[in-house]
Each structure stands twice: as C-alpha cells, then as structure tokens.
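Peer 1: As a plain string of letters, each chain reads:
There are 2 protein chains.
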Amino acid sequence: MGIERKKTAPIGVFDSGVGGLTVAREIMRNLPKEDIVYFGDTARVPYGSKSKDNIIRYSKQIINFLKTKGVKAIVIACNTASALALDAVKNEFDIPIIGVVEPGARAALAMTKTNKIGIIGTEATVRSSMYEKIIQGIQPNVEVIAKACPLFVPLVEEGFKKHPVTDEIIDYYLSSLIQTDIDALILGCTHYPLLRTKIRAYVGEQINLINPAYETAMDLKKILQEYDMENPDVEGDHGSYSFYVSDAADKFKEFANSILPYDIETTKQINIEEY
Amino acid sequence: MGIERKKTAPIGVFDSGVGGLTVAREIMRNLPKEDIVYFGDTARVPYGSKSKDNIIRYSKQIINFLKTKGVKAIVIACNTASALALDAVKNEFDIPIIGVVEPGARAALAMTKTNKIGIIGTEATVRSSMYEKIIQGIQPNVEVIAKACPLFVPLVEEGFKKHPVTDEIIDYYLSSLIQTDIDALILGCTHYPLLRTKIRAYVGEQINLINPAYETAMDLKKILQEYDMENPDVEGDHGSYSFYVSDAADKFKEFANSILPYDIETTKQINIEEY
Numbered sequence: 082m083g084i085e086r087k088k089t090a091p092i093g094v095f096d097s098g099v100g101g102l103t104v105a106r107e108i109m110r111n112l113p114k115e116d117i118v119y120f121g122d123t124a125r126v127p128y129g130s131k132s133k134d135n136i137i138r139y140s141k142q143i144i145n146f147l148k149t150k151g152v153k154a155i156v157i158a159c160n161t162a163s164a165l166a167l168d169a170v171k172n173e174f175d176i177p178i179i180g181v182v183e184p185g186a187r188a189a190l191a192m193t194k195t196n197k198i199g200i201i202g203t204e205a206t207v208r209s210s211m212y213e214k215i216i217q218g219i220q221p222n223v224e225v226i227a228k229a230c231p232l233f234v235p236l237v238e239e240g241f242k243k244h245p246v247t248d249e250i251i252d253y254y255l256s257s258l259i260q261t262d263i264d265a266l267i268l269g270c271t272h273y274p275l276l277r278t279k280i281r282a283y284v285g286e287q288i289n290l291i292n293p294a295y296e297t298a299m300d301l302k303k304i305l306q307e308y309d310m311e312n313p314d315v316e317g318d319h320g321s322y323s324f325y326v327s328d329a330a331d332k333f334k335e336f337a338n339s340i341l342p343y344d345i346e347t348t349k350q351i352n353i354e355e356y
Numbered sequence: 082m083g084i085e086r087k088k089t090a091p092i093g094v095f096d097s098g099v100g101g102l103t104v105a106r107e108i109m110r111n112l113p114k115e116d117i118v119y120f121g122d123t124a125r126v127p128y129g130s131k132s133k134d135n136i137i138r139y140s141k142q143i144i145n146f147l148k149t150k151g152v153k154a155i156v157i158a159c160n161t162a163s164a165l166a167l168d169a170v171k172n173e174f175d176i177p178i179i180g181v182v183e184p185g186a187r188a189a190l191a192m193t194k195t196n197k198i199g200i201i202g203t204e205a206t207v208r209s210s211m212y213e214k215i216i217q218g219i220q221p222n223v224e225v226i227a228k229a230c231p232l233f234v235p236l237v238e239e240g241f242k243k244h245p246v247t248d249e250i251i252d253y254y255l256s257s258l259i260q261t262d263i264d265a266l267i268l269g270c271t272h273y274p275l276l277r278t279k280i281r282a283y284v285g286e287q288i289n290l291i292n293p294a295y296e297t298a299m300d301l302k303k304i305l306q307e308y309d310m311e312n313p314d315v316e317g318d319h320g321s322y323s324f325y326v327s328d329a330a331d332k333f334k335e336f337a338n339s340i341l342p343y344d345i346e347t348t349k350q351i352n353i354e355e356y
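Here the protein sequences line up with chains A and B, keeping their order. Residue numbers for the first sequence follow my numbering, so the first one is 82 and each next one is one higher. Residue numbers for the second sequence follow my numbering, so the first one is 82 and each next one is one higher.
Heads up, a few of these hints could be off.
No copy labels: a pair is met if it fits in one copy or bridges any two.
Said to hold, decoys possible - Straight-line alpha carbon distances no greater than 20 angstroms define the calculated SDA-like cross-link-like pairs of lysine to any residue that follow:
| # | residue 1 | residue 2 |
| --- | --- | --- |
| 1 | 349 | 222 |
| 2 | 133 | 227 |
| 3 | 332 | 210 |
| 4 | 133 | 332 |
| 5 | 243 | 255 |
| 6 | 332 | 132 |
| 7 | 133 | 351 |
| 8 | 133 | 350 |
| 9 | 133 | 331 |
| 10 | 197 | 172 |
| 11 | 141 | 290 |
| 12 | 334 | 204 |
| 13 | 133 | 354 |
| 14 | 243 | 253 |
| 15 | 334 | 193 |
| 16 | 334 | 208 |
| 17 | 133 | 330 |
| 18 | 141 | 172 |
| 19 | 141 | 289 |
| 20 | 243 | 254 |
| 21 | 133 | 349 |
| 22 | 242 | 254 |
| 23 | 133 | 348 |
| 24 | 279 | 249 |
| 25 | 133 | 334 |
| 26 | 87 | 151 |
| 27 | 332 | 137 |
Source of the hints: derived by calculation from the structure; they are not laboratory data. All of these numbers come straight from a predicted model, not from anything done at the bench.
Please construct the entire structure, taking both the sequences and the accompanying hints into account.
Peer 2: Written as structure tokens, this is what we have:
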C-alpha cells in the first residue's frame, strides 16, 4: 500500500527560475507517465552569481516545499544548485535527489575521443569545478576546459536567442575554447540548450554538444526502475504537471508556454522563505 | 542633545546590488561631511524583473536593518525600489526617506524645451509608469516615452561597458526613442550612468542625459538643511563609509572599488531575511 502510494507520487523538479523547464521537458518526453511538481525560484533568480551558502539554504527550503507535495524523488534541474548544493542536501532528506551535473559529466565522458571536454556554465558553476571533479574522479586523464558565460542567461531571458549580437557574444566567450581540441562541450546551464542552434553553428560539427537535461531524464528513469517506483499508469496521454514560483507567476507562465510541449494552465506563487 | 546625535548620524543608502553606488558616489562628492551606511541586496538582485509585493517586502526589511545602524535619513538608491516601494514605506517609518525617481523627474522637467522626455530603465520601473506619473503630475502637457532596457544591467555587471556589442544593444533599445523629438533622457536605472559615454555618443548632443543620482544627492542636501540635520564636522577630509551586502561580499567590494572615489576596506555580509 505504501509502495503503491509512492509509485503514483509526483517527481519534484526545481530550478532558480525558468531554465529548469528544459529538464522538465525531457522528463515529460521520456517519462510521460510521471506527474511533475515544478518549482522555479523566480524571486531569487539568478543563482549563478551567488554564494554557496545561500544556494544551499535556498535548495533546502525548496526541497522542504516539494516534500509538502508528497514527491517520490527530486531533480535539481539547475546546474549551479546541482554543483553547489547536491552534496549538502543528498543525505539530509529521505528521498532520492539527483542533479544535472553527474549525468552531463558521464555523457561527455562516453563521447570524448580526444579526452578533452569543454564545459560552459554560470560563474558559480565554473568556480565550483564540480564538472571537473566528477569527470576526473571517473577518468583522471581527461582534461576539462571550463568557461563561464554569464551573459547567455539574460540574452535568452530577454528574447535575444536569434539576434545577431548573440553571435558576437558567443564568439567572445567561446573563441578560446574552439582553439583547443575538445570534442565534447557540456551545455552546463539549463538555459544554454535554448541557444543550441547558434552554438552549434559556431563550434562546428567536430564538437559534440551535450545537454545534461536529456541525460538527467534518463538517469531519473533508471533510478525509478531500480527502486520499482515508476508510475504504472496514467489518465490520458501524459501525467499531470503543476507549477509553483516564488515571484511573478505570469511572466513565468509566458516563458514556460514558449518552451514546453504542453500549455501551462495555472502557476501558483508561494513565499519560499516560509519553508 | 537628541538633535546633536541626529546630526552626526549616518545616511542610509540602499540598492538591489552595486548600482546604487553611483548614488553613494554623488553623496560622497557633494556632501563630503556625511557618513554613509550602504546596503546592497546582492542575494536578491536584480529587482528589475520582480513583483511589486516582493520589492516592498525587501525594502521594508532593508529599512529595518538600516535603522539598527541609527541612520538619520534613507536614500532608496534604486529606481525600481523607488518606483515601486517608496509610497508604501514613506509613511511607515519615522525618518525621511527619499527615492531617485522624483529628483530625476524634476531635473528632466527643468531641462526640456520640446516637452518630450525619454526615460529608460528596468522592466519593473517602466511598467510602474512612476516617472510618467510624477512628471505629468507636475506638468500634464509633457509627453513621456519610456523604454525598458533589461540587458544594460548584465552588460555593465559582466564588464561589457566598452565592448562593441554594447553599442549594438544600445541601438536595439534606443533607435525608436531617438526618432522622436525628446530633448531629455532620464537614465532611470543606477547602472545606466556607467554606460553614459556610449549612450551619449549614440543619442547625440541634442538630447540631455539626466542622471538621477546627482539630483538625488542635491535633494538630500536640501532636506538635511531644512531639518537642520547636516553633520557639522568631520575627521579627515570625508565622512566614514560602511558597506553591507546580503551575499558575496568579495565580488561587491571589487566592483565598488572600480567606481567609488575611495577604496572600500571591508564589506560585511548579513542575512537580510532576519529583518
């Protein structure tokens, strides 16, 4: 009975804002029977320029909130929070919690032949060296070249995805990276897959782009199978999805509807500082 | 005795982050005898994309914090917080509180001959229509043309002040504005004076650029004189300045030292959610 309840419980997914919707999207596509409760911390976005202590505090509050929704597992769909807070929260809560960094790192390792991997992300993610640590923990001889691209998030959020200035800023950040012989580049921030077309055009076909969002959905699937916690059935053709934010629900909804396969009907605003 | 204490008390200045330092700078230059306690809300920056309710809540917490430092007056050195929260906080506290919007609006009115004023700022500032309300409250026949420029803040913060992409983004945001016959343009966000050289080059000499920071310092001076609260004396050649932030004190200090006339020695981090 207890197990039955768990199987039908939703997956909790959280991010500093809208970026994690690219992860939710992969879960929707690849685990269509699962329900999702998504939380976007729009009151405190962005995390990328903030300190480790605060990001751990924020992550704990959000996990406490998601637990009130009875989630059976949690996906930290934010590279910065995965890099800075996953270790701190993993053992503190009694449900599986996975981040996006390890799945991304493993996918890059599976792909590289030159043993040189590039990683782009926020300032905080790059400063944490978490991708390097995980990659070199598995294969110490792999070289990792990391580059922070702090303007990519505002460019995506302000609608410059297709504007020519974005090409120039891509050139500004990535020109030194493409002069190395990396053959895999991890898009280490949930917003970056939204710039994939331009980044692909810039780096050329020799460099594989790795989107940790997809890899994370695959990891989640494996974990649910392992624990025998997959949702056995679903009404209609997909699970039910609910969305919570800490600020400005309307703006979130608009952005979400531009990137998700299903339209969001309602987004609820909560005071995350109470958790 | 009570009055003596008040005269030597510091001025509280706050902003969502580093931007308000351009206002602190003008107070340092024009009211050199005054002590300043500055608070930058670096844990919750930026305010420009957040809701009115949250910005009022943040502003009240910060004013509570500044009051623990015994300030005699408070300057809201953030256009977004001035536009959205000043009315809500002004009557709730027992010390003078001034914002940057009204001084900027009055300076623009004093300057315009075409009776057309442009204003650029964050999304939240522009959405609030606060500059329009104040300008048209004084002179109803003046037309106000507002434009949100959300990428300007990250461009300044990520060190693109002098980069050519900034010229293109200025063109993107301002091309429609300069086709009108505005003759005054309010730099309605504390970061924008740091782009002054490029904005000046783009808009030409016919349009006066108004920096509310300077006007606000002049207003503060008037208010202190009016209440007989000016600091009568100072040790050394200027007042003493202390800096508090809600996150990442080191990064703040680095940015501050690049724009202030005096080097910051220490920046203390506090938990603003406790106030």
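Peer 1: Next, verify each hint and record whether it holds.
Peer 2: Here is what the structure says about each hint:
Neither within a single protomer nor between protomers do residue 349 and residue 222 lie at most 20 angstroms apart by alpha-carbon distance, with minima of 47 angstroms and 41 angstroms respectively. Taking the shortest Cα distances, residue 133 and residue 227 sit within 20 angstroms of each other inside one copy (19 angstroms), while across copies they are farther apart (38 angstroms). Taking the shortest Cα distances, residue 332 and residue 210 sit within 20 angstroms of each other only across copies (18 angstroms), while inside one copy they are farther apart (32 angstroms). With identical chains, the CA atoms of residue 133 and residue 332 are at most 20 angstroms apart between copies only, with a shortest distance of 13 angstroms across copies and 27 angstroms within one.
Taking identical chains as interchangeable, the C-alpha atoms of residue 243 and residue 255 lie at most 20 angstroms apart whether they share a chain (17 angstroms) or sit on different chains (19 angstroms). Only between protomers do residue 332 and residue 132 lie at most 20 angstroms apart by alpha-carbon distance; the minimum there is 10 angstroms, versus 26 angstroms within a single protomer. In the homo-oligomer, the alpha carbons of residue 133 and residue 351 lie at most 20 angstroms apart only across protomers (15 angstroms), although the nearest pairing inside one protomer, at 23 angstroms, exceeds that limit. With identical chains, the CA atoms of residue 133 and residue 350 are at most 20 angstroms apart between copies only, with a shortest distance of 13 angstroms across copies and 25 angstroms within one.
Proximity of residue 133 to residue 331 under the C-alpha cut-off of 20 angstroms is restricted to the inter-copy arrangement: shortest distance 13 angstroms between copies versus 29 angstroms within a copy. Taking the shortest alpha-carbon separations for residue 197 and residue 172, neither the intra-copy value of 32 angstroms nor the inter-copy value of 61 angstroms comes in at or below 20 angstroms. Proximity of residue 141 and residue 290 under a CA criterion of 20 angstroms is satisfied in neither setting, with 31 angstroms inside one chain copy and 46 angstroms between copies. For a Cα distance limit of 20 angstroms, the shortest separation of residue 334 from residue 204 across copies, 17 angstroms, qualifies, whereas the shortest one inside one copy, 27 angstroms, does not.
With identical chains, the CA atoms of residue 133 and residue 354 are at most 20 angstroms apart both within one copy (17 angstroms) and between copies (17 angstroms). In the homo-oligomer, the alpha carbons of residue 243 and residue 253 lie at most 20 angstroms apart both inside one protomer (16 angstroms) and across protomers (13 angstroms), since each shortest distance falls under that limit. For the identical chains of this complex, residue 334 and residue 193 are neighbours neither inside a copy (38 angstroms) nor across copies (40 angstroms), given an alpha-carbon limit of 20 angstroms. Only between protomers do residue 334 and residue 208 lie at most 20 angstroms apart by alpha-carbon distance; the minimum there is 18 angstroms, versus 31 angstroms within a single protomer.
In this homomeric assembly, residue 133 and residue 330 come within 20 angstroms of each other (Cα to Cα) only across copies, at 12 angstroms, whereas the closest approach inside a single copy is 26 angstroms. Taking identical chains as interchangeable, the C-alpha atoms of residue 141 and residue 172 lie at most 20 angstroms apart only when both belong to the same chain, with a minimum of 12 angstroms there against 36 angstroms between chains. Taking the shortest alpha-carbon separations for residue 141 and residue 289, neither the intra-copy value of 34 angstroms nor the inter-copy value of 49 angstroms comes in at or below 20 angstroms. In this assembly of identical chains, residue 243 and residue 254 lie within 20 angstroms of each other by CA distance both inside one copy and across copies; the values are 17 angstroms within and 16 angstroms between.
Taking the shortest Cα distances, residue 133 and residue 349 sit within 20 angstroms of each other only across copies (16 angstroms), while inside one copy they are farther apart (27 angstroms). Taking CA atoms no more than 20 angstroms apart as the test, residue 242 paired with residue 254 passes in both settings, with 16 angstroms inside one copy and 16 angstroms between copies. Taking CA atoms no more than 20 angstroms apart as the test, residue 133 paired with residue 348 passes between copies only; the shortest distance there is 18 angstroms, against 28 angstroms inside one copy. Taking the shortest alpha-carbon separations for residue 279 and residue 249, both the intra-copy value of 10 angstroms and the inter-copy value of 18 angstroms come in at or below 20 angstroms.
In this assembly of identical chains, the alpha carbons of residue 133 and residue 334 lie at most 20 angstroms apart only when taken from different copies (18 angstroms versus 28 angstroms within one copy). Taking the closest pair of Cα atoms, residue 87 and residue 151 come within 20 angstroms of each other only inside a single copy of the chain (9 angstroms); across copies the shortest separation is 54 angstroms, beyond that limit. For the identical chains of this complex, residue 332 and residue 137 are inter-copy neighbours only, at 19 angstroms across copies versus 26 angstroms inside a copy, given an alpha-carbon limit of 20 angstroms.
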